[in-house]
Structures are given as structure tokens and as C-alpha cells.
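S.K.: Full structure from sequences and hints, please.
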Amino acid sequence: MAVLAAACGSGSDDSGGNEPDGEPQDGGEIVAGLEAETDGLNPTTNRWAVAGLQIAAAVFDPLMAYNDEGEVRPYLAESMEPVEGTDFTEWTLKIRPGITFHDGTPVDAAAVKRNIDGHIDSILTQSVFRGLQKPEIVDDLTLSLKTDFPWASLPALFVNQTGYVAAPSMLDAEDGGEQAPVGSGPFKLESRTVDSQTVVVKNENYWQEGLPHLDKITFRIVPDEQQRSTALAAGDIDLTQTDRDEEVAAFESNPDIEVFLATDDEEENLYLNQDNPNGQLADERVREAVSYAVDREGHNDLLGSGVTEVADSAWGPDSKFYPGDSVTHIPYDPEKAEELVDEYESETGEQIELDLLTTPNPDNAASMDFIKENLDAVGIDSTITKIEQSEFISQLIGGTYDIALVRQFGDPDPDVDAVWWFSENADEAVALNFVRNRDPEVDRLLMEARATTDFETRRDLYAEVAQRQNDAAVYVRLYHTVWAVAWRNNVHSVTEWELPDGETGLPIVRGRYQTAQIWAS
Amino acid sequence: MRYVVRKTLYLIPVLIAVSFFTFLLLDLLPGGPEVAILGASASEENRAEVREELNLDRPLPVRYVEWVGNAATGDLGNSFITKQAVTSQIGERLGNTMFLLIYAQFLALAVGIPLGILAAQRPGGWTDRLASGSAFAFLAVPSFVLAYVLSYLFGYQLEWFPTLFKADARLWSLFLPAVSLAAAEAAVYLRILRSDMVSTLQEDYIAMAKAKGLSRSRILMRHAFRPSTFTLVTIAGLNMARLIGGAFVIERIFSINGIGRLAIDSVLKRDYLVVQGVVLVVAVGYVLFNLAIDILYAYLDPRIRHARALA
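Protein chains in written order, with this note's numbering: chain A, -16 to 504; chain B, 115 to 425.
What the hints contain is simulated information worked out from the structure, not anything from laboratory work.
Ideal Cβ placement from N, Cα and C applies to all residues, glycine included.
Check the hints yourself; a few may be wrong.
Derived, one-sided and incomplete: chain B residues facing chain A with beta-carbon distance under 10 Å [unchecked claim]:
no.	residue
1	M115
2	Y117
3	V132
4	I195
5	T196
6	Q198
7	Y270
8	P276
9	F279
10	A281
11	I370
With a straight-line cut-off of 30 Å between C-alpha atoms, the simulated BS3-like cross-links for lysine-lysine are [as the list claims (entries may be wrong)]:
no.	chain 1	residue 1	chain 2	residue 2
12	B	K326	A	K199
13	B	K121	A	K199
14	A	K303	A	K355
15	A	K77	A	K129
16	A	K129	A	K369
17	B	K121	A	K369
18	A	K96	B	K280
M.R.: Take a look at the structure:
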């Protein structure tokens, strides 16, 4: 489960398919398969999972982007620098000159301000920017940003959903332009039929010279995984992404298909909602019992198809923030779990009953079946509920679930993920601290890590955050997931691409690939 | 004609019942419509908005009459998720689903009828055993399994047909989905027609026709076929409902933009107004379709319309 762009990110591990493909050719069109539909394309009001992000990557440009080292670099922005002597509480954001949106209006300071203001006012995304004041316009192309506290990693928040810049005319439209996105991106919207397809065509006035190469991309919703694989093999789609390990194996065995695999991406977790409807997960013993009950190794052996590793923290072995053995997780110990269950039940006189929430995806269903068996074995009564992705996210936000299977975290910059961990985000109307874990010490560590650019200090602070979360059984961390992008070999430069200033870009960010530099032969 | 009018009049209470229960769907949801639509975590303000939009503070019968009135003029409200009009969402997709259903029904009849006749000619003969045997095999395979197998063989290996729906090549791209749906139906039609025809062929008037020296094909087609199709027509009519059920699955697999997929997506998204709209359209469509079958039935068997007209 990919949730909200604001948590996006990826490190990457090249497993092939990233070879230079020769001189790019202009023209042609491709069909890109997507696993699900997005409810809309307004970055300030719609919840984007991979489908939303992918279409957004064609229609909009982000202010910032990651290079292949996971460092933040300017994209639509020309630069974003801290003002000297302000200890990262003041920033100057300059926008590249001469860029226009698809409706002909300029991408200027006022337009970017309109977007940032929109996020600060948005019930959905406001907690991402809590502490950032509404920007001031310095001149046509310059904004001054001020924060309530030292915020050294602020630029990383302009890489994902909260960094995509939409035309003010779209944001001001009556319905927020949700189904009619207008950006400055390499492609502009031609047509959109919800739940079926979104067609984008070349933006002839694109600001990056010689781009995009393709004339047209049709984003086709193919919800059935099996059929998506067949369609890619048969050439009915040219390009798709998946986080299903079985599909990856099928793609890798086909000589007509190239695959790029990111192995240190998100993390599969069980979220234990501390404000759950029957109140049982507020008791740390119940959470610990669940944690002791889950056989994480067995789960990974069964579901990881041999490509994933059991997780102890939000950062995988390929991430520079990987804390190694210094962070430990509650081990698999069903006897200990049973003891805790007995203790809780005899003390309170109530039977532990928990619902396991997931989406109707075969892997997730198998995962939850496994967890349910683990819980049954220690005497925890559980049921499984499957609901569609956007409703699933609503339940996480609303806090109306007990235990949910969520794929999250793993952004190249951990500060982007901090929004899921701050205590105050547990009590918003739209609460992004989905597990409702309120720990002032975690807050303090996160603020300290946010205030510095010293890498080692930050890494140690985030390791401490992970350890505190593990000790309080906030999550059951299952494994580090993979995201794969697969394309037919007539498609080129999907994951090998350059940032506007010439550096190599991060190949994929949580399954999302760039679109401007793709070409077809 | 009077028979048709009478049948049509019978429909009115049926349609009222169907639409009323569809309307009730939303009211019967736990927590009421506003909670169902917005989720338990919605703010009081948003709930009030939904209550107002759906006029939830007014008595149920009043709302029902209004809703039916609006529905009759094509207004089924707007989706709370995509904000699009429910009618236009259904309208965009109904054509594809109808096309698929009729295509599947056509293929099922086109295969089932000739094979049924062939099998009935010599019960127990090799054509009968082959046709009946393969019918059982197709009946036993669920349509979604067949869909995957057909896509793999004819989409990927042989590259004869697309594996996904293409709006600009409907006939072509819906062939595999239609075959997936039609296979089991064709088997049913074959079995029914065969057994009805075997008993018709034992009637005295057939013996008489044979005695008159009429050719076998003339006896089969002119004398035995029509009276043997009553059950087939009834079953084919009832099967439209089954086909719609199958289409819900098949549309998802082949990524067909139809109302079956719309229904499933909307159920999973809890987009209840859309679900309600689809249920209404399917239910009304089903009732109207059965009216058409009744009328066809009367045409095929004059005894029906005359008997009822005399009664």
C-alpha cells in the first residue's frame, strides 16, 4: 500500500534494465498500465497513491527532485537556499524564468505561492507543512519562506505531492480542477475517463529543450494484476509498475521486458491503532502481544518471494539511514504473547477482538491470512476486512480501524516521513499519525534531526526514533518492500534520466517514473 | 396486442418495488447515508452538507417520490468521490456492457443452437457424446479462469486478439471477454435444446412428417426446432442476469469500462449513490428484458397469447 505522496521516496538498486539506449527519437506513443485509479489530480485535495503520482509526473513539474544519491536538487525551482545567519528558519526560493502552464499563464512567484498556501490551508496536507508560514513574494520569480523552527530539510518536502505545482486557474476552479489538471509538465491532459484511462499529449511549449520525446501517453487502469502482466507481455501495454513480487518474477523471465527494481523502498507494516474503536490497543500489553505473536521471518519467507528482507526500522540495508543492528524489534515469541493476552483478559475480563484491515489485493489478503493465523494461535480473536484503496486511506486517516496492513516510509529524506510520526498529527481532523502514537520524546528527536544538516547526527537521531517506536510496539515492521518498473524493450530511458541541471536523477520514487525523457523506437 | 399491454401494466408494481428497495439501500446502511458516504470520521459540518444535499431530514416517502421523479428525468445525483453525475457515469459505460452482454449471448446461441440440434439428431451418437462432453467441461470452468487462459493463448502466444478492451475496436477487443462469458452459457443452451428436441422428435406429428417423406433437415428445422425452443428462450432471458454477474468479473479482468466494473469499484470505494444508480439501471433493465422475453414467448407459442386472451 502506497499512501499519500508526501511519504514518497526510494533509494534504488539497479537490477538491470538501466543501460544506455542510444540516441533518443522523437514521436510515438505508449500505453502505461496503472494498478488503480486516483480520485483526482489536485495536489492540495486528493490523496495520491502511485496512480495519482504517476499521472501527476506527466502533467505537473515538482519544485525539487532527488538526484541518484537521494539528495534534493532544484527542478521547477532554480534554487532553494537558506538565508545566511537565520539557522534554517528563512529560505529563498527562486523559480526558473520563462515557464508557462498549459493554459498560458506564467509559472511565477504568485502561482507557486498559491500552491503552497493551498497546502497550508488544506485539511489533507496542512500537517506536512506545519511550522511553515505562508510565503512572501519578493519579486516575480522569488519567494521568501519562513519557518517557526530551524528546518534544514525543508526542500525535501517539495519533491513529492506537496511539491507539484498546479496552475492557479485549476486550483481556483469550482471543483478544484480535480479531473482536469493543468500544470507546466511535459504532457498536457487530452482526456480523462475515471476508472478507465487518462490520455496526455506532448506539451509543445515545454521549458526543457527537446523534451518530451513522446507525442502521447495513455495511462490505462488495469486493476487485475494477472491481466496486467499478460497485457505487458502481449504488448497491449508498454510500461507499468508493480510492488507485487510474483509479477516481478514473471517480468524478469520475459526477454521482451526490461525491469528496474528498487529494493530499499517502502516498508510493509502492521499499524496498531492506539485509538482503535474498542480501545484495546491503547494498552501496551495488547500491542506487545500482537508484536510477539507475529512470525515476521515466516511471513517474509511466505510472501517476500525471496527478494525482500525483514525490517527492524523504516530504512532498508541500501539506505544511507540504515541503522544496522543498533535498532531491535520485539521478537517472535508466541508463548510470551499468550502470557500477555491472558494477563490482559483476566485483568479486564474482556476477550481481545481485533479487525485486520487491508485492500482487496491477493498478496495483502494472503498476508493478513498469515497474520490472522498467528493471532489465533495465541488466543487473539481476529477478523479480516478488505476495502478499496481510497476508502482504506480514509479509515487510516479517520482512525476507525484496529490493525491495518500499510506500506509506507522509506523516503530518501526521513524528514519527509516525520509527518506520520509527530504526536500532534494524531489529533487532527485529518490525522496523518495513523497509529495515534503520542510520544513527546519522538517529537523532540524529530525536531532535532530536522534542525541539522549533519548526516551522522541525523542518522543516529532517526535510529532512536525507530527504537522508541519498536519499544512501544507502535508498528509490527514486516519487511522492506520492492517497487519494480517494467517496460517492453521498444521503450527507452524510463529510469535513466537527467535533472534539468545535468545531474543523474533518482531512477524511481516509490514506483513512479519520470515521463519527459522516455522515448520509443 | 392486449397481451402486451396487460404484461406492461403488470410491470408498474414491479418497477415501484424494485426502485423502492434500491432507494432503501442507502437508508438501511449502518449509521445512515451520511455516515456511509463520508465514513465515521467525517466532521459534523460535512455530514450536515450531505444531509442537506440528499434532503435526509424529510420523510422517507417524500424523498422516494422526489428521487423517482429525478431518476425518471435522468438525475441520480452526483458521486461523492469523483463529483461526476451518476447518470453520466452510467451512461458512458452502459453501451460497453450492453455490447458485451449481447455479444456473449449471440456467441452462446450461435454455438449452442447448432450443436444442440446436431446432438439431438442421434442421441447417444458420437456427435451427441462429443458435444455433451465438452459442454460439461465448459460448464465446469469459471469464466474468469477461461478469461486468463484465452488471454494467454490468443492474446499473448498467438497475438490474435487484444488482452485489454479498446474503445475504438470494440468488436475485436471484446471477443475474448465475450467468449469467456459465453462458453458456459453455450453449454447450457446446447443441453437444453438437445433434451427438448429429443422429446419433440418423439411426438406423433414428427412421425407423421417422416411418413410423408419430408427430408430430415426440413423436419428438424421446420417442425421440431420451434416447439423445442420455449425453455431455451426462457433460460436465455433469465441468463441475462447471470451474464451481468459474470460481466462484473470479466470487465475488471479485461479492463472494460462498463457498469459492472463501475459497480464493483463503487462498492469498494463506498460510493453509494453510484452503486444505487447501477443497481437501479440493472434491475429496471432486467425487468424490461423479461417483458421482452414474455412477448417473444407469446410469439413463439400462439397458445399462450390466445389462452390468456380468452381467459
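S.K.: The structure should be examined with respect to each hint, and the outcome stated for every one.
M.R.: Evaluated hints:
1. Here the hint on M115(B) is broken, as its CB sits about 43 Å from the closest CB of chain A, past 10 Å.
2. Evaluation of the Y117(B) hint against chain A yields a violated restraint, the C-beta minimum of about 42 Å exceeding 10 Å.
3. Violation of the interface hint for V132(B) is found here, the shortest Cβ-Cβ separation to chain A being roughly 26 Å, above the 10 Å cut-off.
4. Here the hint on I195(B) is kept, as its CB sits about 5 Å from the closest CB of chain A, short of 10 Å.
5. Of the supplied interface hints, the one on T196(B) holds, with its beta-carbon coming within about 5 Å of a beta-carbon of chain A, less than 10 Å.
6. Look at Q198(B): its Cβ gets to within about 7 Å of chain A, closer than 10 Å, so that hint holds up.
7. The restraint placing Y270(B) at the interface with chain A holds, with a minimum CB-CB distance near 4 Å, inside the 10 Å limit.
8. The closest approach between the C-beta of P276(B) and any C-beta of chain A is roughly 5 Å, which is under the 10 Å cut-off, so the hint is satisfied.
9. Taken as an interface hint, F279(B) checks out: its beta carbon lies about 9 Å from the nearest beta carbon of chain A, inside 10 Å.
10. At a threshold of 10 Å, the smallest CB-CB gap from A281(B) to chain A is about 8 Å, leaving the interface hint in force.
11. For I370(B), the suggested interface contact is upheld, since its CB lies about 9 Å from the closest CB of chain A, less than 10 Å.
12. Taking the CA atoms of K326(B) and K199(A), the gap is near 70 Å; set against the 30 Å cutoff, the hint is violated.
13. Taking the CA atoms of K121(B) and K199(A), the gap is near 53 Å; set against the 30 Å cutoff, the hint is violated.
14. Among the hinted pairs, K303(A) with K355(A) is inconsistent with the structure: their alpha-carbon atoms are about 34 Å apart, more than 30 Å.
15. Taking the CA atoms of K77(A) and K129(A), the gap is near 14 Å; set against the 30 Å cutoff, the hint holds.
16. Pair hint K129(A) plus K369(A) does not hold up; C-alpha atoms about 43 Å apart against a cutoff of 30 Å.
17. Distance check on the hinted pair: K121(B) and K369(A) sit about 43 Å apart at the alpha-carbon level, beyond 30 Å; violated.
18. Of the pairs offered as hints, the one joining K96(A) and K280(B) is violated, with about 41 Å between alpha carbons and a cut-off of 30 Å exceeded.
The structure is inconsistent with the numbered hints 1, 2, 3, 12, 13, 14, 16, 17, 18, although it conforms to all the rest.
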